[in-house]
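S.K.: Could you put together the complete structure from these sequences and hints?
Under the numbering used here, the first residue of the sequence shown is numbered 7, with each subsequent residue one higher.
Hints were generated in silico from the structure; no laboratory data involved. Note that CB positions come from ideal geometry on N, CA and C, so glycine has one too. Just so you know, not all the hints are guaranteed correct.
Dumping the calculated DSSO-like pairs for lysine-lysine here, alpha-carbon to alpha-carbon at most 30 angstroms [unchecked claim]:
#	residue 1	residue 2
1	Lys124	Lys41
2	Lys33	Lys77
3	Lys109	Lys124
4	Lys176	Lys33
Label-pair distances were calculated between CB atoms; the ranges are [to be verified]:
#	residue 1	residue 2	range
5	Pro170	Lys54	26 to 34 angstroms
6	Pro170	Gly126	31 to 39 angstroms
7	Asn103	Val131	45 to 53 angstroms
8	Leu57	Glu135	32 to 40 angstroms
9	Asp147	Asp98	37 to 45 angstroms
10	Glu106	Leu60	21 to 29 angstroms
11	Lys54	Gly172	27 to 35 angstroms
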Amino acid sequence: MMSNSMIAETRTALTNGELRSLRQQGKVPAVVYGKQLSQTTSVLLEEKELLALLRSHPKAVLELNIPSHGKQPVMITDVQRDPLSRQVLHVDFHQINMNEEVKTQVRIDFLGEANGVKEGGILQVMLHELEVQCLPGSIPDSIELNVADLEMGSNLLVSDIGVPSGVEVKSDPEQVVVTVLAPQKEISAEEAEESAAESFANEVRSEDAKEVGSSS
Numbered sequence: 007m008m009s010n011s012m013i014a015e016t017r018t019a020l021t022n023g024e025l026r027s028l029r030q031q032g033k034v035p036a037v038v039y040g041k042q043l044s045q046t047t048s049v050l051l052e053e054k055e056l057l058a059l060l061r062s063h064p065k066a067v068l069e070l071n072i073p074s075h076g077k078q079p080v081m082i083t084d085v086q087r088d089p090l091s092r093q094v095l096h097v098d099f100h101q102i103n104m105n106e107e108v109k110t111q112v113r114i115d116f117l118g119e120a121n122g123v124k125e126g127g128i129l130q131v132m133l134h135e136l137e138v139q140c141l142p143g144s145i146p147d148s149i150e151l152n153v154a155d156l157e158m159g160s161n162l163l164v165s166d167i168g169v170p171s172g173v174e175v176k177s178d179p180e181q182v183v184v185t186v187l188a189p190q191k192e193i194s195a196e197e198a199e200e201s202a203a204e205s206f207a208n209e210v211r212s213e214d215a216k217e218v219g220s221s222s
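M.R.: Here's what the structure looks like:
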């Protein structure tokens, strides 16, 4: 089911100056394309609604009400942002068929505290999203992975993740998702002193060897 919906305003071709003015008014230009649309449609969206969607469900199916085409199921395919301010400048939507499978990324939620972390290890997440393929209505909000049994020096792979029925994982099954690293050993003052003394001795031997080589 689609719990996200948004109303779009139709827009005509605008100059860069007009687009800047609209952005200052809280509007975001966007385009919608897809097989069931007669042509690529240019629209305007409310920035507040769009930002809320991007924060909560950026990969979800959205019901977009387009004046010239009615309510259409769409997904975001591209978001252009200002490199400095991170303001959303433009969005691309793809109109989809709810009866055809799509590929998308789904967030991984990690549950529990790893045994290795309890022993002083460091949990390192290598993969935050999983690529899946399924019908648009079956896209999960997130996929859970329990890390409680993860020991020091161990890891979990994509193949260790369970997904709902009807959802196919497209990510590499051998890719590491999360691991527990052993903490870096802290060097004591005594060990640091021994290391410095050894380094000094190596430098002395090196200088002696140079002197012997130059005198021969």
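S.K.: Now look at each hint and say whether the structure bears it out.
M.R.: Status of each hint after checking the structure:
Restraint check: the Cα-Cα separation between Lys124 and Lys41 comes to about 52 angstroms, which exceeds 30 angstroms; the hinted pair is violated. Using a Cα cut-off of 30 angstroms, the hinted pair Lys33 and Lys77 holds, with the two alpha carbons roughly 20 angstroms apart. For the hint linking Lys109 to Lys124, the alpha-carbon distance of about 37 angstroms lies beyond 30 angstroms, and the restraint is violated. For the hint linking Lys176 to Lys33, the alpha-carbon distance of about 36 angstroms lies beyond 30 angstroms, and the restraint is violated.
Between Pro170 and Lys54 the C-beta distance comes to about 32 angstroms, which sits within the given range of 26 to 34 angstroms. At about 35 angstroms, the CB distance of Pro170 to Gly126 agrees with the hint of 31 to 39 angstroms. Between Asn103 and Val131 the Cβ separation comes to about 34 angstroms, which falls outside the hinted range of 45 to 53 angstroms. A C-beta distance of roughly 20 angstroms is found between Leu57 and Glu135, which places it outside the suggested range of 32 to 40 angstroms.
Hint check: Asp147 to Asp98, Cβ distance near 22 angstroms, so the stated range 37 to 45 angstroms is violated. At about 24 angstroms, the beta-carbon gap between Glu106 and Leu60 stays in the expected band of 21 to 29 angstroms. Distance hint check: the CB atoms of Lys54 and Gly172 are about 34 angstroms apart, consistent with the given range 27 to 35 angstroms.
Violated hints for the displayed structure, listed by number in ascending order: 1, 3, 4, 7, 8, 9.
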